[in-house]
Amino acid sequence: MTTAPASTGARRRRRDDTRLALLFIAPATIGLLVFYFWPLLRGVWLSFTSWDVLTPATFIGVDNYTAMVADPVFWNAVRVTALYVVINIGVQTVVALLIAVLMQRLSQSILLRSLVLTPYLVSNVVAALVFLWILDFQLGIGNNILEGLGLDRVGFFTSEEWVIPTIALVNVWRHMGYTALLIFAGLLTIPPTMYEAARVDGASEVRSFFSITLPLLRPILGLVLIVSVIGSFQVFDTVAVTTSGGPVDASRVLQLYIYEKAFAQFDFGYASALSVALLLLLMIVTFLQYRVTRAGQSDLS
Amino acid sequence: MTQAATTDPAGARRRRGPRMTAGRFFAWVVMIIILIVTLFPFYWVLRTALSSNAALYVDPSAIGPVGTGFGAFARVFGQQSVEEAIAQGGSGASIDFWRYLRNSIVVATTVTVFQVFFSAMAAYAFSRLRWRARNQVFSLFLLSLMVPTIFTLLPNFLLIRQLGLIDTLVGIMLPGLFMTPFAIFFLRQFLMNISTEVEEAAQIDGASKTRVFFVLAIPMTVGPIATIAILTYINSWNDYFWPLMVSYTDSSRVLTVALGNFNAQTPQTGPDWAGLMAATLVAALPMLLLFMAFARRIVSSIGFSGIK
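Just so you know, the protein sequences line up as chains E and P, in that order.
If you count the first sequence from 1, position 34 lands on 34 in the numbering used here, and the numbers rise without skipping.
If you count the second sequence from 1, position 285 lands on 285 in the numbering used here, and the numbers rise without skipping.
Hints are not guaranteed to be accurate.
[Said to hold, decoys possible] One-sided and incomplete, this derived list gives chain E residues near chain P with beta-carbon spacing under 10 Å:
#1 V101
#2 I145
#3 W162
[What the hints assert, rightly or not] Non-contacting residues of chain E with respect to chain P, defined by C-beta distances greater than 10 Å in every case (computed):
#4 V73
#5 V86
#6 I230
[To be verified] Where chain E lies over chain P, by a calculated footprint (3+ residues, C-beta under 8 Å):
#7 25-32
#8 35-48
#9 54-66
#10 138-144
#11 186-194
#12 214-226
#13 275-286
Don't read these hints as lab results, they were simulated from the structure.
Don't be surprised by glycine CBs; every beta carbon is placed ideally from N, CA and C.
Start from the sequences and build out the full structure, keeping to the hints where you can.
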């Protein structure tokens with residue numbers, strides 16, 4: 001083998017590698033088919049059935065969907081989830097943009113970037129528990145500071161009007177650094193000469209932010225938004241750990257409702273219909289965002 | 001600014017020093033406030049974990065630890081007797097923290113090793129091997145990048161249940177063992193950018209493609225492989241929803257799930273905050289240490305080179 005002349009080697013290289021390739025992608029393909037595509041089909045199928053796991057599933061057509069449309073808890077979950085996403089994404093994008101621009105302007109040191117990213121390294125569960133303690137009604141430092149400032153204590157996780165904003169902000173805390181680094185990477189693609197030119201023309205920092213940075217960042221900001229909105233819609237961990245959906249239904253987000261339907265009430269058919277609804281919701285939102293932000297096209301030409 | 005720094009370092013230094021304008025000063029103030037918001041919770045966890053729970057109820061807001069000691073950590077690791085634990089505000093319930101820690105390590109390590117290896121193999125096939133349906137198959141993998149995890153969780157749970165793997169570590173690990181589309185995509189991106197010359201030379205010398213993969217491709221992409229391995233490890237360690245579905249007893253409970261149970265186990269006298277924060281700290285610490293060791297690598301891997 002080692003003495004094979006160069007010509008056969010060259011011919012072998014041009015040769016079709018199909019057999020070897022199939023071997024190499026075999027494990028990944030098993031993963032793809034068994035844990036991505038099969039569940040996708042099965043999930044859709046289950047949404048048309050009634051199934052409590054113990055007895056065989058029975059086909060019931062669109063009954064789950066008609067029940068869903070008439071289910072006030074479902075609509076409440078949609079509303080709560082949407083509220084969560086709006087607050088979470090709104091605040092997170094603004095703060096992350098601010099951090100990214102500050103990093104670009106002040107210091108590009110790895111240390112600063114690492115410090116900003118740190119919260120992202122802990123799990124949602126850890127972040128949730130830490131803020132459960134910091135914002136505890138009686139003992140939390142957050143409420144003690146509020147009281148020290150002469151304000152009323154706030155039941156961050158226990159009052160209906162505060163619970164969703166609180167959970168949204170906890171997750172802003174965990175994700176803002178990561179989002180900032182994504183935006184920061186986008187900022188680096190803007191040629192510095194554009195800022196130089198603006199400076200020569202006497203443009204202020206604020207002006208060059210609005211007339212250079214934002215327009216040129218738009219495609220990347222669009223992608224960041226799409227990715228983070230998809231993530232945001234799937235909120236579960238923080239809610240499950242801190243409130244389990246309460247008080248009453250004030251923080252019962254879609255994923256928590258799906259989980260409870262399946263694992264507390266063993267209604268897998270209905271839970272599957274709910275996740276199909278979530279998937280459709282995600283697809284519509286992503287499509288709209290893609291259109292609105294024109295994330296695919298760049299103005300950098 | 002970057003322009004000045006690359007072409008004229010002396011000028012950049014001059015600018016950074018005395019030319020601290022009001023705007024720059026204000027910008028630093030904002031940045032420092034952001035850093036305080038980012039890092040204060042970590043300090044507060046440490047401070048609480050080093051306090052005694054009883055003292056916390058008396059003096060919750062002192063900036064340093066109150067009733068300082070390592071009692072909370074002792075409680076977490078089961079080094080206190082039940083009476084001691086209850087006296088210090090713990091629930092007294094036996095928490096098998098070592099087991100959760102061990103489960104988390106087993107799951108994250110196994111998933112990382114297999115997932116990264118299999119993903120690297122696939123990435124190699126999608127970048128280096130020539131075969132007919134290569135691009136079509138690859139776009140199928142890309143398609144799976146769009147499937148939100150929630151949608152696969154319920155059916156995957158049912159599959160794991162049919163396989164009789166509920167409440168086992170294997171059941172938790174199985175869906176993640178084979179690949180993630182992101183890992184394949186990430187590694188393929190790097191392989192595409194590495195010159196094929198060395199590999200071609202090796203093949204002319206008669207090395208098989210399999211041998212080239214193990215002896216050349218893997219060592220040459222060791223950097224990206226390390227990056228994706230670290231990211232996989234962290235994600236796996238922090239995962240909560242899936243292990244929550246699969247594990248029912250201590251035998252398969254990982255750290256995140258065990259910590260998430262806390263609310264249900266609160267003793268009558270009020271939560272054991274010191275113990276909880278100690279446990280939280282121990283659960284987060286391995287990832288923070290991993291991050292410290294590889295910060296440069298992780299930080300610079302976050303960008304859009306992978307998505308476009």
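Verification of the hints:
1. For V101 of chain E, the suggested interface contact is upheld, since its CB lies about 9 Å from the closest CB of chain P, less than 10 Å.
2. Taking 10 Å as the C-beta contact cut-off toward chain P, the hint placing I145 of chain E at the interface holds, the least distance being around 8 Å.
3. This hint is violated: W162 of chain E has a C-beta 18 Å from the nearest C-beta of chain P, more than the 10 Å allowed.
4. Separation of V73 of chain E from chain P is adequate, the least Cβ-Cβ distance of about 18 Å exceeding the 10 Å criterion.
5. Look at V86 of chain E: its CB is around 19 Å from the nearest CB on chain P, clear of 10 Å, so calling it non-interface holds up.
6. Interface exclusion of I230 of chain E from chain P breaks down, the closest Cβ pair being 6 Å apart, not more than 10 Å.
7. Check result for the region 25-32 of chain P against chain E: holds, 4 residues qualifying (beta carbon to beta carbon below 8 Å, three or more required).
8. Under a criterion of three residues with beta carbons nearer than 8 Å to beta carbons of chain E, the stated coverage of the region 35-48 of chain P is upheld, 9 such residues being counted.
9. For the region 54-66 of chain P, the stated coverage by chain E holds: 4 residues have a C-beta nearer than 8 Å to a C-beta of that chain, and at least 3 were required.
10. For the region 138-144 of chain P, the assignment as covered by chain E holds, since 3 residues bring a beta-carbon within under 8 Å of that chain's beta-carbons and 3 suffice.
11. Beta-carbon proximity to chain E at under 8 Å applies to 0 residues in the region 186-194 of chain P; the threshold of 3 is not reached and the given coverage is violated.
12. As drawn, the region 214-226 of chain P meets chain E at 0 residues by the rule of a beta-carbon pair under 8 Å; below three, the given contact is violated.
13. Counting residues of the region 275-286 of chain P whose C-beta sits closer than 8 Å to any C-beta of chain E gives 5, which meets the bar of three, so the coverage hint holds.
Of the numbered hints given earlier, the model fails hints 3, 6, 11 and 12; all others are met.
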